[in-house]
Amino acid sequence: MRVVIERLSKTYGDRSGQSVEALQSIDLSVEEEEFLAIVGPSGCGKSTLLNIIAGLLTPSEGDVFFDGLRDGSHPPTAMVFQEFALFPWRTVLGNIEFGLEERGVAAGERHERAMRLVELVGLAGFEEKYPHQLSGGMRQRVGIARALAVDPAVLLMDEPFSALDAQTRQLLQIELLAIWERTRKTILYVTHNIQEAVFMADRVAVLSRRPGRLIAIVPVELKRPRSETMLGDARFLQTVDLIWGLIKADAEKALVSPEGG
Amino acid sequence: MTEQRVPVEDRTRFLERKELKTARVLSLIGLVFLWELLARIGWVPRLFLPAPSAVVGEAMEMVASGELFRYLGSSLLRLALGFAIGALAGIVVGMAVGFSSLAEAVVMPVIAATFPIPKIALLPLLILWLGIGEPPKVAVIALGVFFPMAINSFTGVRNADPLLARAAVSFGAGRWSVIRKVMLPSALPMIFAGLKLGAGTALLLLVAAEMIGAESGIGFLILHAQNIMETTKLMVGIVVLSLLGILSHWFLTWLERAAIPWKHT
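Quick note, the sequences are listed as chains W and B, same order. According to my numbering, numbering within the first sequence proceeds without interruption in unit steps and concludes at 261. According to my numbering, numbering within the second sequence proceeds without interruption in unit steps and concludes at 1265.
Next comes chain W alone, as it looks inside the complex (with noise of 0.2 angstroms):
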């Protein structure tokens, strides 16, 4: 599904009354079963648009919309999230399932889908495990896994992989992209790991420091399938270079700033 992000805005007050304009009008759109990196330095409001486009907060200006999705019905998202934010009082099979529950899908087949992406992601044999069991990596699997359970027409990804040690970072890229082979979802990753975003993507677009401003989309001239013998390619260093020099003035201000982070 295609996604239209319209003058995008976004203004925090926080409590001493100081406005924090975290995003300057965005446009931006996504096609149909692309895969969209968004990066940024620290502080560039790549979070809040994921939010706004989850319907998780309220935009100060200008719109998102779905194109294709009748009136007022639900906007065909799932969200991964980089602190997983697994319920931890749920098994795997029981995290997976949560959003069909609410969906009001029965029991058997919540259980059947839920059993299919166990065995899509890898955890076979984990079902009944607690999220604590679990290491860093297989709780992203259950997190990825959740999200899919509810065949979103747009996957969000917030940073999913920046909790994880850099092996497992890896592996799960490369399975996610794997993943996305097969299922061909619209992606919206967010990340601040360039060379992750060019890996992954099929465009990068490049937010600025605070306010969050769009300063450039730049595609990614890779092959698909994806593997780790294209991080050595020289079109891969030459995209990842670009966009380090796009923001490596505001990725140094950032770091002498109190408020970057």
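Don't read these hints as lab results, they were simulated from the structure. Only a predicted model underlies this, so the values are computations on that prediction, with no experimental measurement involved. Be aware that a few hints might be false.
Here chain B is said to cover these stretches of chain W; the calculated rule only asks that three of the stretch's residues, wherever they fall, bring their Cβ under 8 angstroms from a Cβ of chain B [as the list claims (entries may be wrong)]:
hint: 1; region: 99-112
hint: 2; region: 241-249
Coverage of chain B stretches by chain W, computed from C-beta distances (three or more under 8 angstroms per stretch; other residues unrestricted) [said to hold, decoys possible]:
hint: 3; region: 1164-1173
hint: 4; region: 1181-1191
Derived DEER-like restraints, expressed as beta-carbon distance ranges [stated by the list, open to error]:
hint: 5; chain 1: B; residue 1: 1161; chain 2: W; residue 2: 241; range: 37 to 45 angstroms
hint: 6; chain 1: W; residue 1: 111; chain 2: B; residue 2: 1105; range: 42 to 50 angstroms
hint: 7; chain 1: B; residue 1: 1242; chain 2: W; residue 2: 55; range: 51 to 59 angstroms
hint: 8; chain 1: B; residue 1: 1161; chain 2: W; residue 2: 256; range: 26 to 34 angstroms
All C-beta atoms in this analysis are idealised placements derived from N, C-alpha and C, irrespective of residue type, glycine included.
For chain W, the structure is supplied; the task is to place chain B on it using the hints.
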């Protein structure tokens, strides 16, 4: 000159805490033994301190004659009713206050103003309102349990991870779903802490209420035994109360483990 090899010692060893199981058991046995000895050699008159063996003997007789169960029965009924009413009301009010800012604005000042009142001071008023039968005793226990339950449930809901609530909403959960599937399980550990706290308060208020105006119950047994100088019976009452305290704590701990499996697996 030869070089000496000195292995590094663990310098934190004195910080380790040892598990001294035998000392724990011996301490209890020693106390009972000393008590028995004191009573046997007659340093302390039986009237003031009956021997443990005598207390056990008396308890056996009271069990055999069914006397003990009469006292225990009426106490347990009051305890169960008061505890159930107070706990349920406390959980409902605490969760509502934790979730709705309107409920918090209305209820919290009232709770803050009435919480410090020693609940037993309300018993005369409750007797005036509810008569001299069972209702005021049950009510005073319910009141005593209500406050720690309400405050703990409130804190539990407040400490719920807002990220989980947002995650639930992102998967289509509405207000009631969030309360039932996120707030309630988040608050459960605090709710159980409140239940344990409330159980102690309930026992205290039970005995106090039964000493003020009752013809039955363990509190009455203790007071009555003192009036007729039956110190052994009085001791039986105290032992039963302490057993009641220990058993209720065990039961709640067991229930907690069953209700919060994700904390213990």
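Quick rundown of the hints versus the structure:
| no. | hint | verdict |
| --- | --- | --- |
| 1 | 99-112 | holds (count 3) |
| 2 | 241-249 | violated (count 0) |
| 3 | 1164-1173 | holds (count 9) |
| 4 | 1181-1191 | holds (count 4) |
| 5 | B:1161 to W:241: 37 to 45 angstroms | 39 angstroms, holds |
| 6 | W:111 to B:1105: 42 to 50 angstroms | 43 angstroms, holds |
| 7 | B:1242 to W:55: 51 to 59 angstroms | 56 angstroms, holds |
| 8 | B:1161 to W:256: 26 to 34 angstroms | 32 angstroms, holds |
In this structure, the one hint that does not hold is number 2.
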